[in-house]
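Asks: Protein chains in written order, with the numbering used here: chain E, 1 to 255; chain W, 256 to 563.
None of these hints come from the bench; they were simulated from the model. Hints are not guaranteed to be accurate.
Pulled a few chain E residues facing chain W out of the computed Cβ check, cut under 10 Å [said to hold, decoys possible]:
no., residue
1, K9
2, R13
3, E93
4, D99
5, E100
Cross-link-like lysine to aspartate or glutamate pairs, in silico, EDC-like; alpha carbons within 20 Å at most [to be verified]:
no., chain 1, residue 1, chain 2, residue 2
6, W, K329, W, E366
7, W, K407, W, E280
8, W, K283, W, E436
9, E, K9, W, D343
10, E, K94, E, E175
11, E, K94, W, E336
12, W, K407, W, E366
13, E, K95, W, D343
14, W, K283, W, D405
15, E, K9, W, E348
16, W, K407, W, E326
17, W, K431, W, D454
18, E, K94, W, D343
19, E, K95, W, E336
20, W, K519, W, E472
21, W, K519, W, D505
22, W, K431, W, D405
23, W, K431, W, E471
Quick reminder that beta carbons are idealized off the backbone N, C-alpha and C, glycines included.
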Amino acid sequence: MSGLGTIAKKELRTYFTSPIAYVVFTVFGVLAGFFFYSLINWFNSLSLQLAQNPAYYAQLNINQQVFAPLFNNLSVVLLLMIPLLTMRLFAEEKKNGTDEMLLTSPVPVGRIILGKYLAALAVLAGMLALTALSTGFAFIYGNPEVPAFLTGFLGLFLMGAAFIALGLFFSSLTENQIVAAALTFGALLLFWIINWAASAASGVGRSVLEYLSILRHFDNMTRGILDTVDLVYYASFVFLGLYFSYAAIQSRRWR
Amino acid sequence: MIAVSGLTKTYGDLIAVRNLSFRVEPGKIWGLLGPNAAGKTTTMRILTGFLPATEGRAAVGGFDVFEKPDEVKKILGYLPEVLPLYPDMTVAEYLDFVAALKQVPAAKRREAVARAVRITGLESVKGRLIRNISRGYRQRTGLAQALVHDPKVIILDEPTVGLDPAQIIEIRSLIKSLRGEHTIILSTHILAEVTQTCDGVVIINEGRLMASGSLEELTASVRESEGAIVRVRGDVRAAADALRAVPGVDAVAPVEDGLRVEWKPGGDPRDAVARCCLDGGFGLLEMRTLSLNIEDLYLRIVSGGGEQ
Numbered sequence: 001m002s003g004l005g006t007i008a009k010k011e012l013r014t015y016f017t018s019p020i021a022y023v024v025f026t027v028f029g030v031l032a033g034f035f036f037y038s039l040i041n042w043f044n045s046l047s048l049q050l051a052q053n054p055a056y057y058a059q060l061n062i063n064q065q066v067f068a069p070l071f072n073n074l075s076v077v078l079l080l081m082i083p084l085l086t087m088r089l090f091a092e093e094k095k096n097g098t099d100e101m102l103l104t105s106p107v108p109v110g111r112i113i114l115g116k117y118l119a120a121l122a123v124l125a126g127m128l129a130l131t132a133l134s135t136g137f138a139f140i141y142g143n144p145e146v147p148a149f150l151t152g153f154l155g156l157f158l159m160g161a162a163f164i165a166l167g168l169f170f171s172s173l174t175e176n177q178i179v180a181a182a183l184t185f186g187a188l189l190l191f192w193i194i195n196w197a198a199s200a201a202s203g204v205g206r207s208v209l210e211y212l213s214i215l216r217h218f219d220n221m222t223r224g225i226l227d228t229v230d231l232v233y234y235a236s237f238v239f240l241g242l243y244f245s246y247a248a249i250q251s252r253r254w255r
Numbered sequence: 256m257i258a259v260s261g262l263t264k265t266y267g268d269l270i271a272v273r274n275l276s277f278r279v280e281p282g283k284i285w286g287l288l289g290p291n292a293a294g295k296t297t298t299m300r301i302l303t304g305f306l307p308a309t310e311g312r313a314a315v316g317g318f319d320v321f322e323k324p325d326e327v328k329k330i331l332g333y334l335p336e337v338l339p340l341y342p343d344m345t346v347a348e349y350l351d352f353v354a355a356l357k358q359v360p361a362a363k364r365r366e367a368v369a370r371a372v373r374i375t376g377l378e379s380v381k382g383r384l385i386r387n388i389s390r391g392y393r394q395r396t397g398l399a400q401a402l403v404h405d406p407k408v409i410i411l412d413e414p415t416v417g418l419d420p421a422q423i424i425e426i427r428s429l430i431k432s433l434r435g436e437h438t439i440i441l442s443t444h445i446l447a448e449v450t451q452t453c454d455g456v457v458i459i460n461e462g463r464l465m466a467s468g469s470l471e472e473l474t475a476s477v478r479e480s481e482g483a484i485v486r487v488r489g490d491v492r493a494a495a496d497a498l499r500a501v502p503g504v505d506a507v508a509p510v511e512d513g514l515r516v517e518w519k520p521g522g523d524p525r526d527a528v529a530r531c532c533l534d535g536g537f538g539l540l541e542m543r544t545l546s547l548n549i550e551d552l553y554l555r556i557v558s559g560g561g562e563q
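When you get a sec, could you build the whole thing from the sequences and use the hints?
Replies: Here's what the structure looks like:
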């Protein structure tokens, strides 16, 4: 797989030599910290209030009442930020004319796409790692269930990974970064709210629409449920995103 | 080293290249000459595997471009029309990235970059960001990019466009210095570029092959006569009449800066022409050999359009 590392390293470098990575990290870190702070504050006061009443107190659960909403909030932030992270991946190469060099190099197109994808994935991992700073306190001072927390975290990562694959595809269609970002955001939002249409449909149509909904698969994981259906959903989302990017890049050969 | 036969490329209804065939021998510099929109860039993009041809075949280094594109890409260096540079990298970082991309082994990469920097004269700017260097240095960086992996075949799309005259001369001599070790195709719409740097030329217009061959072959084929421009101080009309009578002279015609005297190739009556001017007392000011060359052919092709 020579060439894969070269591309991934160069992309990662570009994220960190430009302000992109720092801005994304800062914004995501601040928002994640704020969400966590508000939720934990609310959970604290709830605990104090319910301390008198053992029946209610037993129902308090930091996983359900802090982490599940936190992951939900962060997923919205990802929805807004991933398009900004992926918009340049191919659009910038086309604008610069560097795509001609990449595509006439001995590195196969598939590897170029994968390298770019992995670099964006690493930035996503960095963003999520930042949230570990604040959520770590919950583990020091409380006792959340670790498997449920990790499942939710994995859900967030998989969702981001799916978003990046779709963003990469839209970036491969155009040389305009704004267009790439707008299309990515629109498409992601559509996948997000597609289950609204499901409630109006019936039969097979309903189950198809429900299956397509990003949110539905994510909900399971924030609640700590690890189901192969959801894993398969995200894996196929990523695969299709990358495959369509490949087809879009190769399509210059059909024109 | 490079063989193209029956190459055709269409974009929808637009025919960019039609039925193009030519060959380039190893170690030679060949020019792809034609006016703008003649199909030069399309031809080069097909040779590099960036675009597929609609019809026909192309082979680089014995490998078919369509069947073995990966083999072709390994032995090919390519400078596209738009310089493929990353403004946020330094020149050295950029060349290192390209070397890795071209599969130069990690152990040899430093050496390969140093060599490319030396050949293209980039030592003074290698640590600077590409966004901050001048157009001339960017062009050299683009050239360095094309040769960093020491490719057998180098394809240069308009390597001197946008440079000042001094830079053009530098780049041309740089390209000439690569002759022998590398087979080079460069495209240009400037004839002087071909006559000064190339061993042979392929002239295309509107996607069609107009002429191809070594410079000598082409010059010989167009040279139906040779001639000189003669300028005299005295009566031009009388001088013209006297010159017509000189044995060996075919035709004499007044032109802007004197008289254009023509003769058949081989028979060189310049001595007799000079003597005639002196003996006739016309006052010879200047006699300049007129090289009838591929410039005439090129001009005819560019202005005439469809002549085969």
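Asks: Of all the hints numbered above, which does this structure not satisfy? Sort the numbers upward.
Replies: none
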